[in-house]
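Sequence order for the protein chains is A and B. The opening residue of the first sequence carries number 1 in my numbering; numbering runs sequentially from there. The opening residue of the second sequence carries number 1001 in my numbering; numbering runs sequentially from there.
Hints in this document: simulated from the structure, not taken from any laboratory. Careful: at least some of the hints might be erroneous.
[Claimed, not checked] Keeping only pairs whose Cα atoms sit at most 25 Å apart, straight-line, the calculated BS3-like set for lysine-lysine is: (1) A:Lys252 <-> A:Lys221; (2) A:Lys57 <-> A:Lys71; (3) A:Lys225 <-> A:Lys21; (4) A:Lys175 <-> A:Lys252; (5) A:Lys109 <-> A:Lys71; (6) A:Lys207 <-> A:Lys175; (7) A:Lys109 <-> A:Lys119; (8) A:Lys175 <-> A:Lys185; (9) A:Lys57 <-> B:Lys1239; (10) B:Lys1004 <-> A:Lys73; (11) B:Lys1239 <-> A:Lys107; (12) A:Lys221 <-> A:Lys57; (13) A:Lys252 <-> A:Lys207; (14) B:Lys1239 <-> A:Lys65; (15) A:Lys71 <-> B:Lys1239; (16) A:Lys185 <-> A:Lys252; (17) B:Lys1239 <-> A:Lys109.
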Amino acid sequence: MWIMLTVNNVSVGYNGVDVVKGVSFCVGDNENLSIIGPNGCGKTTLLRAIANILPYKGDIDIDGKPLRGMKHKEISLRIAMLSQLSGIYFQYSVYETVMMGRYLHIKDKLLGLPSKEDKACVMSCLEAVNLASHADRAITELSGGQLQRVFLARTLAQSPDLILLDEPTNHLDLKYQIELIDYLKDWAEDGGRSVIGVMHDINLAMKLSDNIMILKGGGVKAIGKADEVITDSILEDVYEIDVAGYMRQSLKRWEAIR
Amino acid sequence: MRVKVIITVTCALAVIVLGVAFGSVWIPPGVIWEVITYRIMGTELPEHVSQAAVAIVWNLRLPRTLLAFVVGAALSVSGAVMQSVLRNPLASSYTLGVSSGASLGAGVVILYGVTIPLLGAMSLPLLGFAFGLGTIVLVISFASRIDGRMENNTIILTGMVFSLFVNALTTLLSALQREHLQRLVLWQMGSFSMRDWQAVFILAPIAITGALFVAHYNRELDMMTFGEEQAKTMGVNLKRVKWLLLIVAAAITGSSVAFVGVIGFVDLVAPHIVRRIFGVSHRYVVPLSAVFGGAFMVLCDLVARTVVSPSELPVGAVSALVGAPFFAYIYFARRTRSA
């Protein structure tokens, strides 16, 4: 395993106000990271900086190369991001939407047309999210969960080494939440790739990765293996409620139902 | 889709023929064809075709109709770009100050008699174009200075502020030189009358090059409709593409405005109607907005010059009068059917 992504003392924000303050961590290939924390703690903002959407202070390196000096194209061939749904979409077909993920692979080809390889890649990404049979449907006709899977397919079609997920399981039912996380873990493991996911659900965060980073007020509250950082006291401090107590109570209820 | 495209292109060609044929004297399409081959290929003119018909077709109606088509096409492509790049259905080059800038340039020439040495009558379109393009360059530069990410709202607001400022300058100049005010107002209304082949030969290459340039970016335009953040993460060099497309759209609008004055509406409605009929993919939206907008403008000019003949109506007003009900029909008919 080598270090794929290094984030060193990174601060990032909006209109001159830092939301993320001096965050440092690193992620190796074949290694995933889940980021959790309360609303407004800077999770999405941090992802946006890594995706080179927002300007940042500090250093972000990918494979030892500073992100800041890399060409736009080079970054997007390495890092892809699955954003939260925005709600306003036009009537592109599912196939057209996923093909957009091949943009950088197609752009410099003769006549700028997709090759057989590009078309096969799009279909295999659609199969991966169980939407191959919906290829010709308009994305405006899909449910929130189906739309989220289309965008995941588009992210996969980019063929990146690192996928950034911003609350990817929103809009998905339980079955697809679990399938999505399982699929992404396999995807990372098979190809020496990595996934960084921002999650609200602590259980899913632990399912995606054994490495957890907890943010509070823009800074790192804790980072490490799940059993080191998912503790009663840290969670209570971060979420300002007795999270562990709530979870245990829920578990008891489940056991009673059984 | 292919059938729809063939029907649209055929209708557009029919409208062009109608535009040349119809007027105070009806010229049959066969005669139009004979005049064109006579002038271009030097074929012999049949006896039944008079020199008057040659003059009407070749010197008056054909350049005028082609100019109307080119202007309509250029404005519509520009409108499609502005709406997609800025993700705003009401955005146009006019929102970003192109027509205000061009009006100021025209005001300088018309009200104060300023001309460019050696260019004479071409001073008006050239200064109109330069002021129009200059305004949008200032708008985008200013927007990128105050907002490094060049967000759409910043660009639109900056455009509106500059537009109002430049309009105020034109009003001020007009107030100080009232004797030529009517000429300026007439120019601002837009017209294709008294335009000859020179305007077509200058404007057509600009419009065609601009439209081809925009068409080359159809994939980026598609991706930008998903939002700037998503387009950027998929690899679109957003700032560069945005700059290029906005400037090219402004240049084709600016050059059209410079030759025929301010003609609104077509840039707003043509892309919307094309999206309704052909879908949202820019592979179709860009070229078919050109075809649809061009044909629409030829029809508007036909109405403008024939309804109160021998006088003319301002073509900008006609385009809104004809286009608004048509736009409403296309939009609301679909909505009612799907309700």
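Hint-by-hint comparison with the structure:
no.: 1; hint: A:Lys252 <-> A:Lys221; result: 29 Å, violated
no.: 2; hint: A:Lys57 <-> A:Lys71; result: 18 Å, holds
no.: 3; hint: A:Lys225 <-> A:Lys21; result: 22 Å, holds
no.: 4; hint: A:Lys175 <-> A:Lys252; result: 22 Å, holds
no.: 5; hint: A:Lys109 <-> A:Lys71; result: 19 Å, holds
no.: 6; hint: A:Lys207 <-> A:Lys175; result: 14 Å, holds
no.: 7; hint: A:Lys109 <-> A:Lys119; result: 14 Å, holds
no.: 8; hint: A:Lys175 <-> A:Lys185; result: 16 Å, holds
no.: 9; hint: A:Lys57 <-> B:Lys1239; result: 20 Å, holds
no.: 10; hint: B:Lys1004 <-> A:Lys73; result: 37 Å, violated
no.: 11; hint: B:Lys1239 <-> A:Lys107; result: 17 Å, holds
no.: 12; hint: A:Lys221 <-> A:Lys57; result: 20 Å, holds
no.: 13; hint: A:Lys252 <-> A:Lys207; result: 21 Å, holds
no.: 14; hint: B:Lys1239 <-> A:Lys65; result: 23 Å, holds
no.: 15; hint: A:Lys71 <-> B:Lys1239; result: 13 Å, holds
no.: 16; hint: A:Lys185 <-> A:Lys252; result: 29 Å, violated
no.: 17; hint: B:Lys1239 <-> A:Lys109; result: 23 Å, holds
Hint compliance for this structure: hints 1, 10, 16 are not met, and every other hint is.
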